[in-house]
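Chemist: Residue numbers (my numbering), protein chains in the order written: chain R, -4 to 113; chain H, -4 to 113; chain V, -4 to 113; chain W, -4 to 113.
Wrong hints could be hidden among the right ones.
Below, simulated DSBU-like cross-link-like pairs (lysine-lysine); rule was C-alpha separation at most 30 Å, straight line [said to hold, decoys possible]: (1) Lys109/R / Lys90/H; (2) Lys102/V / Lys90/V; (3) Lys78/H / Lys112/V; (4) Lys78/V / Lys78/H; (5) Lys109/H / Lys90/V; (6) Lys90/W / Lys112/R; (7) Lys90/H / Lys102/V; (8) Lys90/H / Lys102/R; (9) Lys112/W / Lys112/R; (10) Lys90/H / Lys90/R; (11) Lys109/W / Lys78/V; (12) Lys109/V / Lys112/H; (13) Lys112/W / Lys78/R; (14) Lys109/R / Lys112/W; (15) Lys102/V / Lys78/H.
Listed next, with one range per pair, are the computed distances between beta-carbon atoms [as the list claims (entries may be wrong)]: (16) Arg8/V / Arg4/R: 23 to 31 Å; (17) Asn94/R / Gln96/H: 37 to 45 Å; (18) Val100/H / Pro55/R: 25 to 33 Å; (19) Ala11/R / Glu60/W: 29 to 37 Å; (20) Arg97/H / Ser54/W: 21 to 29 Å; (21) Pro55/H / Gln49/R: 38 to 46 Å.
The set of hints was computed from the structure by calculation and includes no laboratory data.
All residues carry an ideal CB built from backbone N, CA and C; glycine is no exception.
Protein chains: 4
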Amino acid sequence: MNGTDELERLRHRLRAFVTERDWDQFHTPKNLAMALVGEAGELIEHFQWLTPEQSTELSPQTLGEVELEIADVLLFLLALCDKFGVDPLAAVYRKLTLNAQRYPVEKVRGRVMKYDKL
Amino acid sequence: MNGTDELERLRHRLRAFVTERDWDQFHTPKNLAMALVGEAGELIEHFQWLTPEQSTELSPQTLGEVELEIADVLLFLLALCDKFGVDPLAAVYRKLTLNAQRYPVEKVRGRVMKYDKL
Amino acid sequence: MNGTDELERLRHRLRAFVTERDWDQFHTPKNLAMALVGEAGELIEHFQWLTPEQSTELSPQTLGEVELEIADVLLFLLALCDKFGVDPLAAVYRKLTLNAQRYPVEKVRGRVMKYDKL
Amino acid sequence: MNGTDELERLRHRLRAFVTERDWDQFHTPKNLAMALVGEAGELIEHFQWLTPEQSTELSPQTLGEVELEIADVLLFLLALCDKFGVDPLAAVYRKLTLNAQRYPVEKVRGRVMKYDKL
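Turn these sequences into a full structure, and let the hints guide you.
Modeler: Below is the structure:
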């Protein structure tokens, strides 16, 4: 499976963006993984001083900034998928199936615990 | 825009997974951001000792593990989007447009530099 | 200033550990930064589902695991400092002085805000 | 053991900085772990587009910025240690001893591999 039409369109848009800037030389998977983590760090900084409750009620400005960080993480995630020929949606469905096995409802309802400690 | 049919289907599948385990109580945006960064950290650990060249030639086993970490990051990203009503694809297109303004081809071709230092 | 006797002793112990395993080839600053972030991600995973209150009352087992993750982050931080000849304590004092200028008590008491937004 | 005189002095300086700003309310271990990861993300962003070789030859300006990020990570690490009464140096020595057992020289010389895969 090669992903949806929308994701395919985005994949090509991303490739074009990188290629026309001659940036592919910097986009080794190692660097893409680093950039992804860097952006994830920028995302988390918006939440670090908030209470859990405050984190559900972001101001429009903060929400706008959070959206951009989410976009940045996703951009590098999709670039990394493209390097490896990974279908991101197929990978998510595969992980959900694995998670359903690791975390059976009757064992985990209402509790969060690493599967190897259940 | 509310995303593609595929992403909508996945969004509902994710919600069901969380709800049937009564895990929504743990899924504050604050916690989701933390979980996302934790998974991004797991992803980066697969690359930290590799050379840039080695990072392009992963063994099938390592690639399989990397796929699962990619899935984990994406799962929490989508959960976070769902909490805020953010359309992930729309956010990415918006960020690409912004990046095109910040990084004009003629200024950045072949170089990577933060836009405020161009 | 070149650090305290204790930190100097630790620095030499770390160097010996790496050298006798012929691991210096993997310890480029780029890789050390990645490893540091990977360990910070492992640290954060212990807290991601906890409430702020629960995070102050860790079980002895969890506290022991958190200590090991703290140690891992610090190990890579010290290795990175060693590569660049950075004195970690001097760097912290320099940053505290800068923070005192950026966050004057009368402006920030009781509030957390990025200094460029004060 | 309660750490060296230098670290004790720094610990008290840090506490005073936080207390006089009435920031202790924001310094739950959960939040400190998030802040630490956020700063680790800022650190990694200085290296993400560099080759391993370039990462050893930072410009004075970049090195100065890297020092400040290192300081930020260490600040939050020390604050976290303070919350739990963890002695950071003792923790590092304990982890080094564990690492020596997990990674015996004769098994790992010249190779990097997770100990559970040796």
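Chemist: Against each hint, give a clear statement of whether it holds in the structure.
Modeler: Hint-by-hint comparison with the structure:
no., hint, verdict
1, Lys109/R / Lys90/H, "violated, 35 Å"
2, Lys102/V / Lys90/V, "holds, 18 Å"
3, Lys78/H / Lys112/V, "holds, 26 Å"
4, Lys78/V / Lys78/H, "violated, 43 Å"
5, Lys109/H / Lys90/V, "holds, 23 Å"
6, Lys90/W / Lys112/R, "holds, 23 Å"
7, Lys90/H / Lys102/V, "violated, 34 Å"
8, Lys90/H / Lys102/R, "violated, 41 Å"
9, Lys112/W / Lys112/R, "holds, 20 Å"
10, Lys90/H / Lys90/R, "holds, 27 Å"
11, Lys109/W / Lys78/V, "holds, 23 Å"
12, Lys109/V / Lys112/H, "holds, 21 Å"
13, Lys112/W / Lys78/R, "holds, 26 Å"
14, Lys109/R / Lys112/W, "holds, 21 Å"
15, Lys102/V / Lys78/H, "violated, 33 Å"
16, Arg8/V / Arg4/R: 23 to 31 Å, "violated, 54 Å"
17, Asn94/R / Gln96/H: 37 to 45 Å, "holds, 39 Å"
18, Val100/H / Pro55/R: 25 to 33 Å, "holds, 32 Å"
19, Ala11/R / Glu60/W: 29 to 37 Å, "holds, 32 Å"
20, Arg97/H / Ser54/W: 21 to 29 Å, "holds, 22 Å"
21, Pro55/H / Gln49/R: 38 to 46 Å, "holds, 44 Å"
Figure legend: structure checked against the earlier numbered hints; hints not met, in rising order: 1, 4, 7, 8, 15, 16.
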